[in-house]
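**Student:** In the order they appear, the protein sequences are chains C and B.
According to my numbering, the first sequence is numbered sequentially starting from -11.
According to my numbering, the second sequence is numbered sequentially starting from -11.
Everything labelled a hint here was simulated from the structure, so no lab data went into it.
Any given hint might turn out to be false.
[Unchecked claim] Chain C regions said to be covered by chain B (calculated; three or more residues, Cβ under 8 Å):
{"#": "1", "stretch": "105 to 112"}
{"#": "2", "stretch": "205 to 218"}
[To be verified] In silico BS3-like cross-links for lysine-lysine, where the CA-CA straight-line distance does not exceed 30 Å:
{"#": "3", "chain 1": "B", "residue 1": "145", "chain 2": "C", "residue 2": "174"}
{"#": "4", "chain 1": "B", "residue 1": "5", "chain 2": "C", "residue 2": "240"}
{"#": "5", "chain 1": "B", "residue 1": "240", "chain 2": "C", "residue 2": "169"}
[Stated by the list, open to error] Pulled a few chain B residues facing chain C out of the computed Cβ check, cut under 8 Å:
{"#": "6", "residue": "113"}
{"#": "7", "residue": "176"}
{"#": "8", "residue": "186"}
{"#": "9", "residue": "197"}
{"#": "10", "residue": "203"}
Glycine included, every Cβ here is placed at the ideal spot set by N, Cα and C.
Number of protein chains: 2
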Amino acid sequence: MNIVFIGAGNLATLLAKEMSRYGLHISQVYSRTPESAFLLANRLNCSWTTSMNKIIPDADWYIFSVKDDALPELATQLKTNGGLWLHTAGSVPATIFEGRTDRYGVIYPLQTFSKKRNVDFSHIPFIIEANNEHDLDALNEVCKLLTGNVHFLDSEKRKQIHLAAVFACNFANHMWTLAWKLLEEKEIPPEILVPLIEETAAKIQELTPDQAQTGPAIRYDKTVINRHLDMLESEDMKTIYRLLSQSIYKTKQV
Amino acid sequence: MNIVFIGAGNLATLLAKEMSRYGLHISQVYSRTPESAFLLANRLNCSWTTSMNKIIPDADWYIFSVKDDALPELATQLKTNGGLWLHTAGSVPATIFEGRTDRYGVIYPLQTFSKKRNVDFSHIPFIIEANNEHDLDALNEVCKLLTGNVHFLDSEKRKQIHLAAVFACNFANHMWTLAWKLLEEKEIPPEILVPLIEETAAKIQELTPDQAQTGPAIRYDKTVINRHLDMLESEDMKTIYRLLSQSIYKTKQV
Chain C
-11 MNIVFIGAGN LATLLAKEMS RYGLHISQVY SRTPESAFLL ANRLNCSWTT
39 SMNKIIPDAD WYIFSVKDDA LPELATQLKT NGGLWLHTAG SVPATIFEGR
89 TDRYGVIYPL QTFSKKRNVD FSHIPFIIEA NNEHDLDALN EVCKLLTGNV
139 HFLDSEKRKQ IHLAAVFACN FANHMWTLAW KLLEEKEIPP EILVPLIEET
189 AAKIQELTPD QAQTGPAIRY DKTVINRHLD MLESEDMKTI YRLLSQSIYK
239 TKQV
Chain B
-11 MNIVFIGAGN LATLLAKEMS RYGLHISQVY SRTPESAFLL ANRLNCSWTT
39 SMNKIIPDAD WYIFSVKDDA LPELATQLKT NGGLWLHTAG SVPATIFEGR
89 TDRYGVIYPL QTFSKKRNVD FSHIPFIIEA NNEHDLDALN EVCKLLTGNV
139 HFLDSEKRKQ IHLAAVFACN FANHMWTLAW KLLEEKEIPP EILVPLIEET
189 AAKIQELTPD QAQTGPAIRY DKTVINRHLD MLESEDMKTI YRLLSQSIYK
239 TKQV
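Please put together the full structure from these sequences, using the hints given.
**Tutor:** Here it is in structure tokens:
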């Protein structure tokens, strides 16, 4: 089986490397930026291009792994061919490929990918979809090589999961960025927070986040809340503190 | 050594149990609510009371582990004695005990405690403080039984760490509560997010949260951001989504 990757970002890089580790053959990498295309192709020992016209027409799968904004345009630039067209976007319907190809689908790994960090794929939920049973079976077989955690869900449910993932991953991580900032301001090494973060996440394996909630907001400890608001110098952080404390307290009330 | 616990909440419960596991003798538990006092005393095989007047006067340590709001009042209710008075509050200065006792300090474990979950103390940072060297040494020795991670920091720094911990733990956990809610609304089992949450936290051991940030806000992917805002039904969640996305993007700009 031959696979072409359209995109060479964090997800494309890690997914292509992992597929290649399981003997799947990546034939070509496209990226708008030559450096990214070259870098990934070099790792995979395959060819690369920065021109959609030069993408090989006889691959089995074409995996689009690019910014959502870029996807519609790129889908019109790839010449119609006989392959299965897939994208990796959480929020984009599979039907974006309709009219351009007869065979299409989605391969969405629910994970956060940074190029600098290797990820253990074996527990990552892969959410897949295809417009025909034959391709869905093949997609399932390939995903089962990578993970024990494959889900068949439609575009509507996948979209909701992607939205939830922004809260669960991106926004949670940003809370850590803000915490780092607060400690760096006072010259306290922020790594002191790492065991707390580990335990905060570990609790979720046993308790629901609702049950796991602790802190001044859930106790409605006004003395602490007001002291904290006084301590915060940034207006943005004051607003965030106030809004999230209210939201925690409201969630409890329900 | 004899220890009295004033308070029987999550932290008091887990700390008292852990101290007792290492052969420290808990003599008495005070709580305003008889059920809590009884429950913890029963676990520790010690006496309990709901009256501050009946607290034994000859203990070595008195550990106040109560809501910040309740601390000043309780500190005036305990009769002056010869023991070391400690509290476990992140944001309260050690000097709250001044005038009530000659020996005082703080024992603050930087962790999130839920009664339903046992915690491995061995990596928890303990932040300690005492108003005299002798007690600080003794406090250090006891904390070193429980953890390999003891820090001597003053009340100002501890207060800042507590504020940072609200972001790192309480607010991050609340993001997971909101994510759970989004999935439950659409009848998707929220546990699908657990591997993502694990990896989000695990990244922090290798990368700074700044480096680890992913998602539509850091990419300034307007298409996704607007789609997500349209999908959110709750006005509160829309506001949180907008505010945190802006904050993520601003942090990158700096």
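**Student:** Against each hint, give a clear statement of whether it holds in the structure.
**Tutor:** To see whether the hints hold, each was checked on the structure:
Here's how the stretch 105 to 112 of chain C fares: 4 of its residues keep a CB closer than 8 Å to some CB of chain B, so the rule of at least three is met and the hint holds. With 9 residues bearing a CB less than 8 Å from a CB of chain B, the stretch 205 to 218 of chain C meets the requirement of three and the coverage assertion stands. The hinted pair formed by residue 145(B) and residue 174(C) meets the criterion: a straight-line CA distance of about 7 Å does not exceed 30 Å. With a C-alpha separation of about 28 Å, the suggested pairing of residue 5(B) with residue 240(C) holds against the 30 Å cut-off.
Between residue 240(B) and residue 169(C) the alpha-carbon distance is near 13 Å, which keeps this suggested pair within the 30 Å criterion. A cut of 8 Å between beta carbons decides the hint on residue 113(B): the least distance to chain C is about 5 Å, and the hint holds. Taken as an interface hint, residue 176(B) checks out: its beta carbon lies about 6 Å from the nearest beta carbon of chain C, inside 8 Å. The criterion of a C-beta within 8 Å of any C-beta in chain C is met by residue 186(B), whose closest approach is roughly 6 Å, and the hint holds.
A distance limit of 8 Å between C-beta atoms decides the matter here; for residue 197(B) the minimum to chain C is near 4 Å, and the interface restraint holds. Restraint check, residue 203(B) versus chain C: the minimum CB separation of about 3 Å is within 8 Å; hint holds.
Hint check: no violations occur; every hint is consistent with the structure.
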